Amino acid sequence: GESVGLHLPTLSVQEGDNSIINCAYSNSASDYFIWYKQESGKGPQFIIDIRSNMDKRQGQRVTVLLNKTVKHLSLQIAATQPGDSAVYFCAENIGNAGNMLTFGGGTRLMVKP
Amino acid sequence: KAGVTQTPRYLIKTRGQQVTLSCSPISGHRSVSWYQQTPGQGLQFLFEYFSETQRNKGNFPGRFSGRQFSNSRSEMNVSTLELGDSALYLCASSGMTGGSEKLFFGSGTQLSVL
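Here the protein sequences line up with chains A and B, keeping their order. For the first sequence, the working numbering assigns the number 238 to the last residue and increments by one with no breaks. For the second sequence, the working numbering assigns the number 120 to the last residue and increments by one with no breaks.
Please keep in mind that the hints were generated in silico from the structure rather than gathered at the bench. Keep in mind that the hints are not guaranteed to be accurate.
As the list claims (entries may be wrong) - With a straight-line Cα cutoff of 16 Å, these simulated EDC-like cross-link-like pairs (lysine to aspartate or glutamate) come out:
| id | chain 1 | residue 1 | chain 2 | residue 2 |
| --- | --- | --- | --- | --- |
| 1 | B | LYS108 | A | ASP209 |
| 2 | A | LYS167 | A | ASP209 |
| 3 | A | LYS193 | A | ASP156 |
| 4 | A | LYS181 | A | ASP156 |
| 5 | B | LYS108 | A | ASP174 |
| 6 | A | LYS237 | A | ASP142 |
Note that the structure is predicted; figures quoted are calculated from it, not measured.
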């Protein structure tokens, strides 16, 4: 993903609704993808990951979808809660490159009570 | 299990000085990576160390360097600081040896260069 600079895209949702955060990744050779959540003053927190041999993976209240054809990744959060308010980053990794992640620019999720 | 620990939490330096940041990975983790986070450039990879060897390096000038010790603790150094080096420096560790595994991040060191 490309950095979008100072202005972060913002997604505003009502508490209890589902959220969908999208990410376009850049390298067709990437075979591992991660979503991170970052709250103010903290480091990124792992949410869920997916490898390129899958197109969907589910966790607790979260689902990641991978579309390799268009190099698109999405994070779905079910029943969004105020505690989900944060900046969300997608990251990609090429399998033979160790742990070298390329991060997207991030999306700010705001949950209205 | 304790998480990734970074020290110090905040640093203020002046241009031209040098700085050393420290990172203790999760116990048992052998891979340590460093990232720079700024509002303008987002999260950018600096370097990764595994078993005391630099395994990957990002596109940063030679003023940025790092090392890893036998206990997997890592330090990064920035020499001849510039105003643009002001950023949140994040350390992450991973327990897998082959790469392409989830990274666990510390809370970062916020560096301000005046």
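Hint check, failures only
1
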